[in-house]
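Protein chains: 2
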Amino acid sequence: MASLDPLPRLTQASTALTRAIQIVDEFGEHRAIAIPAERPLTVFVDKRELVTLMTLGASPELLVLGYLLNQRLIETVQQVESVTVDWEVAAAAVRTRAGIADIAARTARRVVTTGCGQGTVFGDLLAQLGTLQLPDAGVARIRQSTLTALLDVMRQQDSIHRKAGSVHGCALFCGTRLLMFVEDVGRHNAIDTIAGWMAMHGIGGADKLFYTTGRLTSEMVMKAAQMGVPIIVSRNGVTAMGHELATQLGMTLFGRAANRHFLCYTGFERFDSEPEPPRGALRELAG
Amino acid sequence: MASLDPLPRLTQASTALTRAIQIVDEFGEHRAIAIPAERPLTVFVDKRELVTLMTLGASPELLVLGYLLNQRLIETVQQVESVTVDWEVAAAAVRTRAGIADIAARTARRVVTTGCGQGTVFGDLLAQLGTLQLPDAGVARIRQSTLTALLDVMRQQDSIHRKAGSVHGCALFCGTRLLMFVEDVGRHNAIDTIAGWMAMHGIGGADKLFYTTGRLTSEMVMKAAQMGVPIIVSRNGVTAMGHELATQLGMTLFGRAANRHFLCYTGFERFDSEPEPPRGALRELAG
Numbered sequence: 001m002a003s004l005d006p007l008p009r010l011t012q013a014s015t016a017l018t019r020a021i022q023i024v025d026e027f028g029e030h031r032a033i034a035i036p037a038e039r040p041l042t043v044f045v046d047k048r049e050l051v052t053l054m055t056l057g058a059s060p061e062l063l064v065l066g067y068l069l070n071q072r073l074i075e076t077v078q079q080v081e082s083v084t085v086d087w088e089v090a091a092a093a094v095r096t097r098a099g100i101a102d103i104a105a106r107t108a109r110r111v112v113t114t115g116c117g118q119g120t121v122f123g124d125l126l127a128q129l130g131t132l133q134l135p136d137a138g139v140a141r142i143r144q145s146t147l148t149a150l151l152d153v154m155r156q157q158d159s160i161h162r163k164a165g166s167v168h169g170c171a172l173f174c175g176t177r178l179l180m181f182v183e184d185v186g187r188h189n190a191i192d193t194i195a196g197w198m199a200m201h202g203i204g205g206a207d208k209l210f211y212t213t214g215r216l217t218s219e220m221v222m223k224a225a226q227m228g229v230p231i232i233v234s235r236n237g238v239t240a241m242g243h244e245l246a247t248q249l250g251m252t253l254f255g256r257a258a259n260r261h262f263l264c265y266t267g268f269e270r271f272d273s274e275p276e277p278p279r280g281a282l283r284e285l286a287g
Numbered sequence: 001m002a003s004l005d006p007l008p009r010l011t012q013a014s015t016a017l018t019r020a021i022q023i024v025d026e027f028g029e030h031r032a033i034a035i036p037a038e039r040p041l042t043v044f045v046d047k048r049e050l051v052t053l054m055t056l057g058a059s060p061e062l063l064v065l066g067y068l069l070n071q072r073l074i075e076t077v078q079q080v081e082s083v084t085v086d087w088e089v090a091a092a093a094v095r096t097r098a099g100i101a102d103i104a105a106r107t108a109r110r111v112v113t114t115g116c117g118q119g120t121v122f123g124d125l126l127a128q129l130g131t132l133q134l135p136d137a138g139v140a141r142i143r144q145s146t147l148t149a150l151l152d153v154m155r156q157q158d159s160i161h162r163k164a165g166s167v168h169g170c171a172l173f174c175g176t177r178l179l180m181f182v183e184d185v186g187r188h189n190a191i192d193t194i195a196g197w198m199a200m201h202g203i204g205g206a207d208k209l210f211y212t213t214g215r216l217t218s219e220m221v222m223k224a225a226q227m228g229v230p231i232i233v234s235r236n237g238v239t240a241m242g243h244e245l246a247t248q249l250g251m252t253l254f255g256r257a258a259n260r261h262f263l264c265y266t267g268f269e270r271f272d273s274e275p276e277p278p279r280g281a282l283r284e285l286a287g
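Just so you know, the protein sequences line up as chains A and B, in that order.
Residue numbers for the first sequence follow the working numbering, beginning at 1 and rising by one.
Residue numbers for the second sequence follow the working numbering, beginning at 1 and rising by one.
Treat the hints with care, since some could be wrong.
Any copy will do: because identical chains look the same in the list, a pair fits if it lies in one copy or spans two.
Listed next, the in silico SDA-like pairs over lysine to any residue satisfying Cα-Cα at most 25 Å (straight line) [unchecked claim]:
hint : residue 1 : residue 2
1    : K47       : A32
2    : K47       : N259
3    : K163      : R279
4    : K47       : T18
5    : K163      : T42
6    : K163      : R235
7    : K163      : R95
8    : K163      : L7
9    : K47       : R19
10   : K163      : A101
11   : K163      : N236
12   : K163      : L10
13   : K163      : A20
14   : K163      : L4
15   : K47       : T84
Derived from the structure by calculation, the hints contain no laboratory data.
Source: prediction; values computed, not measured.
Based on the sequences and whatever the hints tell you, model everything.
Right under this line is the structure:
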């Protein structure tokens with residue numbers, strides 16, 4: 001751990017997050033709509049090309065840091081001296097303090113996964129499964145009222161998705177308090193960006209919760225576990241590997257979560273159920 | 001082209017496509033639901049490990065063939081002698097007739113893309129953009145009535161998605177006739193499987209149309225173009241790169257397509273608009 005080193009210096013590269021295009025709709029009307037921007041960002045580590053990420057471009061420096069962390073290429077952000085993003089050349093230059101040991105070998109393995117993009121690391125992560133430690137249910141738990149309250153917060157959140165669709169969102173919560181919300185064209189970019197933000201602010205995951213609009217795939221579960229976040233809530237569903245890994249890791253997953261509805265897929269011991277009135281009663285209320 | 005060679009021999013490995021898990025819902029009810037299966041399939045080409053695909057497992061042999069085709073590792077399926085899938089060992093053994101030239105070099109480049117998984121090839125494909133030829137609007141076009149009719153066909157389609165959610169579907173249409181429908185945990189697997197099916201049956205793409213539940217990302221556009229399919233319809237939206245590439249390729253994209261609604265994003269010249277009654281009139285009908 002190089003935690004006595006200072007934090008990395010980051011540029012604050014900014015760029016347009018949406019673009020207007022002309023469409024024709026079912027009424028034959030030609031009109032302009034906004035779509036999310038999407039651009040390549042080639043990451044160079046100590047002048048060596050590592051990978052090209054396709055991103056919306058909202059927080060490229062945090063994305064790069066989070067990518068390096070979640071790919072386990074660095075253990076702490078303090079190992080990085082600076083991240084310099086230049087949209088003119090679509091490049092992120094990462095300068096490390098002491099280099100990254102056998103980076104070539106550690107980025108060689110390829111696994112094409114269900115989730116978006118960054119499955120290349122998946123194989124290696126599986127090997128490290130045993131080393132991940134999540135807080136037990138005594139420390140990290142969630143009440144149904146907290147769950148429905150944070151779903152309200154998300155529903156009221158202004159977003160690129162509302163303006164332009166076609167992006168995934170990821171949010172970090174402490175109880176019902178929204179700490180950070182990121183959107184990107186790939187949901188793995190979003191969670192990586194949050195990883196970068198947490199590391200830059202020295203924020204631990206044990207008492208936190210992730211909200212994601214994406215599916216609960218094995219990669220999402222794995223990344224949350226790496227970041228020490230024991231609970232994930234998704235508007236979407238779960239994949240079999242995501243469910244399996246979360247169960248092995250002792251993580252708690254909620255899916256199909258919107259308004260007052262949800263399914264708790266696994267990790268029930270962390271969940272304090274406060275059941276809604278039975279369906280019959282709801283129907284009566286609905287008239 | 002080795003097109004005088006016989007078609008490859010394929011196993012017909014089968015496996016369960018859904019799994020039952022126990023959940024707790026917002027009413028505090030413990031009950032079983034079905035989720036899609038998801039399993040690794042490691043592809044070996046002439047005994048050399050190529051990649052591990054995470055898949056639902058519906059048509060692994062066609063998936064592997066389509067993957068090799070869409071990754072441009074083979075030009076025709078006739079270059080493959082056999083594909084042997086064994087779920088016991090989660091492996092697909094591909095035997096080629098004459099090997100694949102410099103396979104190592106051609107699978108080295110890595111790009112992490114927006115779409116699911118198989119973005120590793122993206123960089124190379126961009127280079128080949130110029131070589132792709134799509135039929136002009138005289139040959140391949142679509143009427144609004146055809147579009148809405150095929151959306152009806154898809155709505156009535158039985159699916160894993162309906163049973164278990166969390167999968168992407170991809171369908172190949174000739175006019176309103178559904179030729180093939182595939183679902184997988186990753187939408188790129190679905191389109192690759194269709195590529196394998198088309199190649200095994202000698203079916204060209206020029207007069208065909210793709211329906212996908214996934215976003216219209218640059219990879220989806222690129223793969224459809226490789227397969228010679230000039231029109232893609234998605235229930236979902238478009239990304240900026242997807243839009244840009246489709247425009248460059250002269251492809252026609254429809255998104256947000258459900259029931260009678262849709263947006264035509266690009267390639268208007270292929271689209272015969274038959275406008276719906278104006279919104280006002282619809283409102284009156286709606287009462």
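Tested hints:
In the homo-oligomer, the alpha carbons of K47 and A32 never lie at most 25 Å apart, since the shortest distance is 41 Å inside one protomer and 52 Å across protomers. For a Cα distance limit of 25 Å, the shortest separation of K47 from N259 qualifies neither inside one copy, at 47 Å, nor across copies, at 51 Å. Taking the shortest Cα distances, K163 and R279 sit within 25 Å of each other only across copies (21 Å), while inside one copy they are farther apart (34 Å). When the C-alpha separation of K47 and T18 is checked against a cutoff of 25 Å, the pair qualifies neither within a copy, at 30 Å, nor between copies, at 46 Å.
With identical chains, the CA atoms of K163 and T42 are never at most 25 Å apart, being 27 Å at best within one copy and 40 Å at best between copies. For the identical chains of this complex, K163 and R235 are neighbours both inside a copy (18 Å) and across copies (17 Å), given an alpha-carbon limit of 25 Å. When the C-alpha separation of K163 and R95 is checked against a cutoff of 25 Å, the pair qualifies neither within a copy, at 36 Å, nor between copies, at 49 Å. Taking CA atoms no more than 25 Å apart as the test, K163 paired with L7 passes in neither setting, with 34 Å inside one copy and 49 Å between copies.
When the C-alpha separation of K47 and R19 is checked against a cutoff of 25 Å, the pair qualifies neither within a copy, at 31 Å, nor between copies, at 47 Å. For the homomeric pair K163 and A101, neither the shortest alpha-carbon distance inside one copy (43 Å) nor that between copies (47 Å) is at most 25 Å. In this homomeric assembly, K163 and N236 come within 25 Å of each other (Cα to Cα) both inside a single copy, at 20 Å, and across copies, at 14 Å. Taking the shortest alpha-carbon separations for K163 and L10, neither the intra-copy value of 28 Å nor the inter-copy value of 47 Å comes in at or below 25 Å.
Proximity of K163 and A20 under a CA criterion of 25 Å is satisfied intra-copy only: 11 Å inside one chain copy versus 37 Å between copies. In this assembly of identical chains, K163 and L4 lie within 25 Å of each other by CA distance neither inside one copy nor across copies; the values are 42 Å within and 53 Å between. For the identical chains of this complex, K47 and T84 are intra-copy neighbours only, at 12 Å inside a copy versus 43 Å across copies, given an alpha-carbon limit of 25 Å.
The earlier numbered hints that this structure contradicts are 1, 2, 4, 5, 7, 8, 9, 10, 12 and 14.
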